[in-house]
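Residue numbers (my numbering), protein chains in the order written: chain A, 10 to 421; chain B, 10 to 421.
Treat each hint with caution, since some may be false.
It does not matter which identical chain is used: a pair holds within one copy or between any two.
What the hints assert, rightly or not - Within a straight-line C-alpha distance of at most 30 Å, the following computed DSS-like cross-link-like pairs (lysine-lysine) qualify:
hint, residue 1, residue 2
1, K246, K150
2, K232, K381
3, K66, K381
4, K150, K381
5, K347, K181
6, K347, K287
I should point out that these hints are in silico values taken from the structure, not numbers from a laboratory.
Number of protein chains: 2
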Amino acid sequence: MNQKAKPVHAPMSQFQTNGEQLLVNGHPLNLLQYQAGQTPFYAYDRSVIHQKVEALKHYMPDELKLHYAIKANPMAAVVNYMASLVDGLDVASGNELRVALNTGMDGHLISFAGPGKQRRELEMAVASQTTVNVESLNELKLLRDISDQIGIRARVAIRVNPDFELRGSGMKMGGGSQQFGIDAELVPQALTLISDYGLHYRGLHIFTGSQNLNPDAVISTHKGIFELADRLQESAKSELESLNIGGGLGIPYFPGEKTIELAPIGEHLSDVMTHFSKTHTKTEIAMELGRFLVGDSGIYVSKVIDIKESRGSKFAIIDGGLHHHLAASGNFGQVIRKNYPVAVGNKMHQEATESVQVVGPLCTPLDLLANKYELPALEIGDLIVIYQSGAYGFSASPRDFLSHPHPVEILV
Amino acid sequence: MNQKAKPVHAPMSQFQTNGEQLLVNGHPLNLLQYQAGQTPFYAYDRSVIHQKVEALKHYMPDELKLHYAIKANPMAAVVNYMASLVDGLDVASGNELRVALNTGMDGHLISFAGPGKQRRELEMAVASQTTVNVESLNELKLLRDISDQIGIRARVAIRVNPDFELRGSGMKMGGGSQQFGIDAELVPQALTLISDYGLHYRGLHIFTGSQNLNPDAVISTHKGIFELADRLQESAKSELESLNIGGGLGIPYFPGEKTIELAPIGEHLSDVMTHFSKTHTKTEIAMELGRFLVGDSGIYVSKVIDIKESRGSKFAIIDGGLHHHLAASGNFGQVIRKNYPVAVGNKMHQEATESVQVVGPLCTPLDLLANKYELPALEIGDLIVIYQSGAYGFSASPRDFLSHPHPVEILV
Numbered sequence: 010m011n012q013k014a015k016p017v018h019a020p021m022s023q024f025q026t027n028g029e030q031l032l033v034n035g036h037p038l039n040l041l042q043y044q045a046g047q048t049p050f051y052a053y054d055r056s057v058i059h060q061k062v063e064a065l066k067h068y069m070p071d072e073l074k075l076h077y078a079i080k081a082n083p084m085a086a087v088v089n090y091m092a093s094l095v096d097g098l099d100v101a102s103g104n105e106l107r108v109a110l111n112t113g114m115d116g117h118l119i120s121f122a123g124p125g126k127q128r129r130e131l132e133m134a135v136a137s138q139t140t141v142n143v144e145s146l147n148e149l150k151l152l153r154d155i156s157d158q159i160g161i162r163a164r165v166a167i168r169v170n171p172d173f174e175l176r177g178s179g180m181k182m183g184g185g186s187q188q189f190g191i192d193a194e195l196v197p198q199a200l201t202l203i204s205d206y207g208l209h210y211r212g213l214h215i216f217t218g219s220q221n222l223n224p225d226a227v228i229s230t231h232k233g234i235f236e237l238a239d240r241l242q243e244s245a246k247s248e249l250e251s252l253n254i255g256g257g258l259g260i261p262y263f264p265g266e267k268t269i270e271l272a273p274i275g276e277h278l279s280d281v282m283t284h285f286s287k288t289h290t291k292t293e294i295a296m297e298l299g300r301f302l303v304g305d306s307g308i309y310v311s312k313v314i315d316i317k318e319s320r321g322s323k324f325a326i327i328d329g330g331l332h333h334h335l336a337a338s339g340n341f342g343q344v345i346r347k348n349y350p351v352a353v354g355n356k357m358h359q360e361a362t363e364s365v366q367v368v369g370p371l372c373t374p375l376d377l378l379a380n381k382y383e384l385p386a387l388e389i390g391d392l393i394v395i396y397q398s399g400a401y402g403f404s405a406s407p408r409d410f411l412s413h414p415h416p417v418e419i420l421v
Numbered sequence: 010m011n012q013k014a015k016p017v018h019a020p021m022s023q024f025q026t027n028g029e030q031l032l033v034n035g036h037p038l039n040l041l042q043y044q045a046g047q048t049p050f051y052a053y054d055r056s057v058i059h060q061k062v063e064a065l066k067h068y069m070p071d072e073l074k075l076h077y078a079i080k081a082n083p084m085a086a087v088v089n090y091m092a093s094l095v096d097g098l099d100v101a102s103g104n105e106l107r108v109a110l111n112t113g114m115d116g117h118l119i120s121f122a123g124p125g126k127q128r129r130e131l132e133m134a135v136a137s138q139t140t141v142n143v144e145s146l147n148e149l150k151l152l153r154d155i156s157d158q159i160g161i162r163a164r165v166a167i168r169v170n171p172d173f174e175l176r177g178s179g180m181k182m183g184g185g186s187q188q189f190g191i192d193a194e195l196v197p198q199a200l201t202l203i204s205d206y207g208l209h210y211r212g213l214h215i216f217t218g219s220q221n222l223n224p225d226a227v228i229s230t231h232k233g234i235f236e237l238a239d240r241l242q243e244s245a246k247s248e249l250e251s252l253n254i255g256g257g258l259g260i261p262y263f264p265g266e267k268t269i270e271l272a273p274i275g276e277h278l279s280d281v282m283t284h285f286s287k288t289h290t291k292t293e294i295a296m297e298l299g300r301f302l303v304g305d306s307g308i309y310v311s312k313v314i315d316i317k318e319s320r321g322s323k324f325a326i327i328d329g330g331l332h333h334h335l336a337a338s339g340n341f342g343q344v345i346r347k348n349y350p351v352a353v354g355n356k357m358h359q360e361a362t363e364s365v366q367v368v369g370p371l372c373t374p375l376d377l378l379a380n381k382y383e384l385p386a387l388e389i390g391d392l393i394v395i396y397q398s399g400a401y402g403f404s405a406s407p408r409d410f411l412s413h414p415h416p417v418e419i420l421v
């Protein structure tokens with residue numbers, strides 16, 4: 010290689026290669042495209058998920074329960090696999106609850122959060138003895154009625170909107186005025202209602218934000234959560250059985266972002282949990298993670314179906330696009346469009362030699378999946394891989410936009 | 010009313026009211042929610058669509074053909090209704106072509122545009138004698154092969170990426186380097202290939218942008234389109250049968266935006282068409298519109314299922330949200346979030362007395378449908394109406410995000 014040689018077109022570190030092919034849990038991509046039955050497809054790698062869960066368990070205290078938040082990736086096969094690795098499942102809708110129960114997991118190990126739960130959804134939760142993370146005082150009344158109707162005491166935790174914020178999170182979900190949870194200062198009133206209504210008080214759910222890559226911010230949040238839980242529990246009429254401390258751990262998507270360090274988070278958590286357990290001897294502490302567990306296990310694979318030059322720019326047109334992967338197009342709530350990491354999955358050892366616009370088949374300039382991206386020389390039939398696509402990809406995309414065929418999903 | 014009274018909570022002018030109820034083509038919303046079978050639902054008003062088409066025809070030259078671009082709203086009932094009002098249908102995928110043909114419209118009256126058309130889709134077009142708006146030279150080769158295979162001469166028009174831009178359009182789709190169309194300077198080469206390959210040359214499709222509210226910009230674009238068509242046609246080996254001048258007419262969404270004036274556009278178009286027809290005696294001129302024809306006919310209706318205060322802000326939680334109507338949440342490619350026009354469909358004559366956050370049931374702060382919106386005092390069960398929802402609503406939303414039930418669509 011001469012001095013001007015471009016960097017080798019490298020895979021992300023969670024994936025291996027064999028020759029020119031990207032491997033998904035040992036399966037080369039050129040075969041996997043046939044196994045999937047079509048392009049475009051999402052492929053999720055069991056071994057990457059497994060490693061991620063193991064790494065987390067390694068650094069976190071043994072006593073910490075690990076929950077999977079289904080909303081990140083609700084594919085039934087993924088949820089089934091996760092159910093074998095974690096201690097509980099968290100759901101955000103009645104349909105997600107159905108998927109969770111279908112794994113065979115006991116309702117006692119499932120919790121259900123979300124503003125605006127429907128009566129039908131709350132009935133599903135009460136009947137299956139799922140813990141409802143209550144987000145308003147009205148919801149408590151509804152649960153009392155449903156408990157009477159079904160003859161089962163609803164299991165409730167209070168989702169708390171804390172009086173502090175998680176610094177540096179990609180998405181703020183606590184602090185200030187919020188649609189989520191019950192404001193900390195209203196929790197005593199909610200605790201009284203739970204007692205008055207004869208509901209089964211399970212505990213507290215304190216979640217402040219997501220996609221955080223800064224361990225110090227997470228540590229400071231954990232500190233705040235345990236202090237707040239201790240303070241709020243003073244008004245409770247029964248013991249704190251469960252404390253869900255949320256998740257919030259992020260994964261890197263864009264240049265300059267790094268994998269979050271788990272060691273300091275685990276060390277700090279161990280200390281605060283030891284301290285907390287002295288006064289709350291029967292409390293199970295759970296961390297709830299979605300994106301962090303599955304996000305980097307997934308790739309979105311589409312095929313180059315046309316290549317053209319237009320006034321000095323090269324366009325590779327693929328058979329997928331923003332309708333399949335809205336977040337990667339940069340159009341899902343992002344203020345500034347940034348490229349997700351991209352590779353040519355059948356040319357993994359070729360050097361990046363040209364700057365390309367990778368675009369989808371939609372009649373809109375929004376359908377841009379890689380902007381001025383340095384890739385090996387492309388040909389029709391090449392497989393474009395978008396990494397970090399295991400969470401909020403398939404399910405969070407407008408798949409009927411322009412009525413093209415949907416992608417498929419495989420767990421490998 | 011005293012001097013400080015807030016303005017009456019008025020409907021948008023295309024809809025009527027009866028008492029407190031918003032009317033959709035004469036149907037009061039309190040009944041329509043039962044007719045739809047559920048909330049949330051999209052309702053499209055036939056009379057509004059009809060009036061919009063008639064208004065356009067009134068101002069445009071009689072010789073101008075009017076096409077409906079299905080991508081704006083592909084609901085089969087809407088497309089069927091539009092097929093009875095317009096002269097042609099334009100599709101952006103094979104599945105849209107199927108919907109168009111299902112109306113009974115002849116393939117000769119349909120055209121198919123979009124980068125990255127699949128072989129299967131091109132076969133559908135050739136077999137149904139639909140005009141393919143070709144967007145790359147590779148596509149011409151594919152059409153030659155398919156013509157041989159099926160034994161029908163493909164009907165092709167060239168989608169041109171012009172060498173000028175539509176000023177002031179909400180979305181730029183022509184000029185500069187583009188994934189859309191064939192650069193104007195490459196059109197002579199494409200015309201030669203069409204002739205060499207023995208394809209049926211239909212004409213040109215010149216589309217430069219969408220959602221334009223400035224008549225002067227549209228007029229200047231029309232001028233450019235006819236000049237460019239005249240110039241490009243010099244290289245053609247056969248007559249210009251068809252010229253599709255695109256659409257680009259916008260509708261108002263946000264405060265300060267006004268309905269685009271059609272009279273000056275029609276007058277100018279009449280002049281340039283008269284002039285153009287002197288040298289191109291057999292050319293049919295078509296305008297292709299999607300959003301403009303259906304956008305203001307549609308409302309998205311959801312029900313208030315919970316109301317809560319959090320630290321001084323009032324939140325109304327509805328049974329729908331961004332998963333049903335991504336654009337109204339401001340998260341679909343918009344840089345700055347703005348509120349769509351919103352009303353309480355069962356309190357149309359009540360004054361707006363409070364500022365509310367209207368949020369959906371999703372566990373994300375992105376799920377915000379109206380931010381600090383002045384509305385009448387809300388109660389659980391009230392029907393929140395989002396106007397201007399007839400285009401790019403249902404089909405352009407990530408309906409499986411968090412696995413809540415989908416909305417339904419009705420044409421009234």
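Does the structure break any of the earlier hints, and which numbers would those be? Per hint list: 2, 3, 6 violated.
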